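Residue numbers (the working numbering), protein chains in the order written: chain L, 1 to 549; chain R, 550 to 949.
Hints listed in this document are in silico derivations from the structure and should not be mistaken for laboratory results. Computed from a predicted model, the values in this text were never measured in an experiment. Don't take each hint at face value.
Derived pair list, reagent style DSS-like, types lysine-lysine, alpha-carbon separation capped at 27 Å [said to hold, decoys possible]:
1. L:K223 - R:K901
2. L:K312 - L:K391
3. L:K470 - L:K223
4. R:K835 - L:K328
5. L:K312 - R:K763
6. L:K312 - R:K758
7. L:K328 - R:K901
8. L:K528 - L:K541
9. R:K763 - R:K843
10. R:K835 - R:K901
Cβ-Cβ distance ranges computed for the label pairs, FRET-style [what the hints assert, rightly or not]:
11. R:T767 - L:R258: 49 to 57 Å
12. L:H393 - R:S853: 53 to 61 Å
13. L:R40 - R:F635: 38 to 46 Å
Calculated Cβ distances over 12 Å to all of chain R for the following chain L residues [what the hints assert, rightly or not]:
14. D53
15. W348
16. P389
17. T392
18. P428
19. D524
Don't be surprised by glycine CBs; every beta carbon is placed ideally from N, CA and C.
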Amino acid sequence: MTNSISDLANDSRCIFIIGSNTTENHPVIGTKIRRAVRQRGAKLIVADPRRIDITEHADIWLRHRPGTDIALLNGLMHVILRDGFADMDFIAQRTEGFEEFRAVVEQYTPELTSQITGVSAEKIEQAAHMMGENRPGALVYAMGITQHATGVANVMSCANMQMLLGNMGVAGGGVNPLRGQNNVQGACDMGGLPNVHAGYQNVTLPAVREKFEAAWGVPLSDKVGLTVTEMLDGAERGDVRCLYIIGENPMVSDPDLRHVQHSLDRTEFIVVQELFFSETCHFADVILPAAAFAEKEGTFTNTERRIQRVRKAVEPPGEAQRDSWIVKQLASRLLALGAATPDPDAPWGDWEYDTPEDAMDEINALTPIYGGVTYRRLEAGARLQWPVPDKTHPGTPILHTKQFSRGKGRFAAVDHIPPAEQPDDEYPVILTTGRVIYHWHGGEMTRRAEGLLAVYPEALVEISLEDAQKLGVRDGDMVRVISRRGEVEAKAQLNGRVSRGLVFSTFHFPASSVNWLTSAEHLDPLAKIPEFKVTAVRLEKVEEPIPAG
Amino acid sequence: MPVSLTINNRSCSAPDGATILDAARLAGIEIPTLCHHPDLSNVGACRMCVVSVQGARALQTACTTPVRDGMVVDTMSADAVATRKFVLEMLLTDHPNDCMGCEVAGDCELQDLVYDHGVQWPEHSGQRHDWPIDPDPNPFIFIDRNKCILCSRCIRACGEIQNRDVWSFAQRGFATKLVAGADEMLLDARCESCGQCVAYCPVGALTDKMSRGKGRTTQVETVRTTCSYCGVGCNFDLNIRGGQIVRVTSAQDAPVNGMALCVKGRYGYDYVHNPERLTRPLVRAKWLTGVEEKVNSNQWTVISQAEKRTATHRSTNGASATALITDNRSLITDDTFIQTDWDTALDVVAGKFAAEKMAHGGDAFAVLASAKCTNEENFLFAKLTRQLLSTNSIDHCARL
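Next comes chain L alone, as it looks inside the complex (with noise of 0.2 Å):
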């Protein structure tokens, strides 16, 4: 998030939710979101296809198709501009490529908008100007706007319009994307990501890598990394040899599971690193029990980048060992087996690391970011939002207050690109995915917490009573959903919130996980991120044996 989730609360006039259904994954900023509504009169457009439970506290639902998110944000633009909304100082002072970008935005009047999108031309301006009137306002969005084959574009889409409007830099405005793990976002500033190192610096510049090469003491690559979806694929060639998963579970998880299973199959090594026997393990070489986190200390990085701490309040079961031993050990081995020759005399180079706190203390030293960042200061109270550059800094709550991180905020030129998948006469009906409140991700957690798998113990599909009636299918029947990848059957839900055409399921329990349908070929070419929320499927109902005699 550019923003806090303080801002939210109590300082954005307008909310624009798109592509997140924020009471039930991210809930307690979706009770903070209604309680904005509710309490002080801010205003709240979502923009979904499925009537999610916050549209009932909507001033105005856009309920667009599935893949159109650019052309909608596209044709609000077009209002906002045509009716005198934009912030030109902001737009002159801030920003670049303004008028490429205007002449795109131009051709999506609300009636082609309409066309594309399937939301009137009348709730388009309204919305546009409920924007344009109420600022600051705030654009939240999670992975109904990345998890397509525009998934950089669309995102750039919603950087456009926060900077048309002049909503950057200020509280109560920003983008704001709700990162959906515990510390996605400390993994990805820690460089768990193939083309940075911690701190989002980047492994292809030569000052980056002679910088690391100098504290650890060896040669690095200066060569882009494998994205997880390249990983799989380099498995199935057989070029990656060795995989060694920690604490995930790519055959829940990633897309075209069938393309999972087919590709560790062919993975020489697999070490997993795990809390449970997940379905991942049984592709495994070597299986490590890992600690969770109540057994180690630590911290993690929230949704509006701010550092906190992590306790150890009980002892992990039997032999199971805190990841940051387990890695330890294995350095400490390598090194042993010389595959790789640290220079003694580097600063950073040896793995003599006690607690959490001495690994703190590197980061402090090699990522500007969190330069500041430390035990001491956490302890002590502090709230700290990054970027921290030192010790003495206060942490930073707003981002881009005075200039972008490129210096001038770049207008993007996007147009509408239809989903990759596309619905045809076999597959004729859209599936979109997601997850329920009651579980989480890939479910190894929540389906071992007896409560929560108590009041949600099934897979369920989201089918509209059209749909189902065409199939003759009632609420709790079993349907099978077949993709141009797999099927999978779980029982239908007719709850009223997806309309004709359209299904929603989750990947919550392996055997009926939506990612057996999905595809792991449709990528956004950027950033590599699958086309989750668009799968071309058809729906049959699966008949109930008849009882014997």
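Given chain L, put chain R in place with the hints provided.
Relative to chain L, chain R alone:
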């Protein structure tokens, strides 16, 4: 403009719009309350905070009465104190005398007030409620209406914090009943099971069902930490007793969330102690030497029924299908998982990694770091990948 007033013969000032309660607390003067909570609106329902105000015809509720310039307040007038005692006695006439067994004993605002005011258990033979205990199948929220004092904190927590409006009162007078929705079950009343109502209940009417009998507030240690589910970053206190997490309690000073949590944060912690947790390293027999000997001497254990690479693994839809079965008499093949000691497992991994690096270079490796792990751990995963395995092929589920 600040307002000047006198409380208990002391001159005080308070901001315009403050209540007598606010002014008193600013001045360090305690006024007992029950239905009041600083996070919630004031309703003046319980009458515990009554005070005498010079010139007023009757006692005033401090939580709802705004201060006026020149106001003279006595919080400890005989009238006020007697009224509070009477209110407490009245509450006890319809309250089970169950403090011995009550889940919240030691953490009960009613119990504390009764103690502070020296109120005796009233001799009373009048009508008492006899509501069914735990009438709701919600697995997280335990309801005992017999202990409800009708303070409405749960109603306001649900309405004002969670903004869900599940709870309300039905009926009037003695028949007044706390109800979910139209007097239905919580989940049918669109309850999200966030437990805010439990967190704000001052007595034992609403309690955490999973925690009952596992440890009162006075019996647990608390550890402040950050939630392991989504990216909002809620902080809460793990309540620990006997080495187990027995409850999660929210905390007003949590930077992001305050008292609010969601169902997963407040009630989804028991996976940590799930008996299916992996407790020893597992290695396929083909990577090991001397398996039979180690198994026969019971240093290692054979895991049966965890076949490698069966065609599909689509039978594990539920929660309990992955329990590892140990059976040292079962047949050992190359792919049998053996539970080993750590040194053996780590040597197998490091040995294989070193050999693969020698033979194929860094491109042979790919590492999936974890959005579940800490910053420090992820930093070390990235360092291992880049410094020791010589590749940048590290990623995690940020795209999934």
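Evaluation of the provided hints:
1. L:K223 - R:K901: 24 Å, holds
2. L:K312 - L:K391: Status holds; Cα separation ~25 Å.
3. L:K470 - L:K223: 53 Å, violated
4. R:K835 - L:K328: 25 Å, holds
5. L:K312 - R:K763: 20 Å, holds
6. L:K312 - R:K758: Given that 27 Å is the threshold and the Cα spacing comes to 24 Å, the pair holds.
7. L:K328 - R:K901: The hint holds at about 17 Å.
8. L:K528 - L:K541: 34 Å, violated
9. R:K763 - R:K843: 40 Å, violated
10. R:K835 - R:K901: 12 Å, holds
11. R:T767 - L:R258: 49 to 57 Å: Since T767 of chain R and R258 of chain L have Cβ atoms about 55 Å apart, the given range 49 to 57 Å holds.
12. L:H393 - R:S853: 53 to 61 Å: 56 Å, holds
13. L:R40 - R:F635: 38 to 46 Å: With a Cβ separation near 39 Å, R40 of chain L and F635 of chain R satisfy 38 to 46 Å, so the hint holds.
14. D53: D53 of chain L not clear of chain R: closest Cβ-Cβ about 9 Å, inside 12 Å.
15. W348: The assertion about W348 of chain L is violated, with a minimum of 8 Å to chain R.
16. P389: The claim holds: P389 of chain L sits with its nearest Cβ about 17 Å from chain R, beyond 12 Å.
17. T392: 20 Å, holds
18. P428: 25 Å, holds
19. D524: 9 Å, violated
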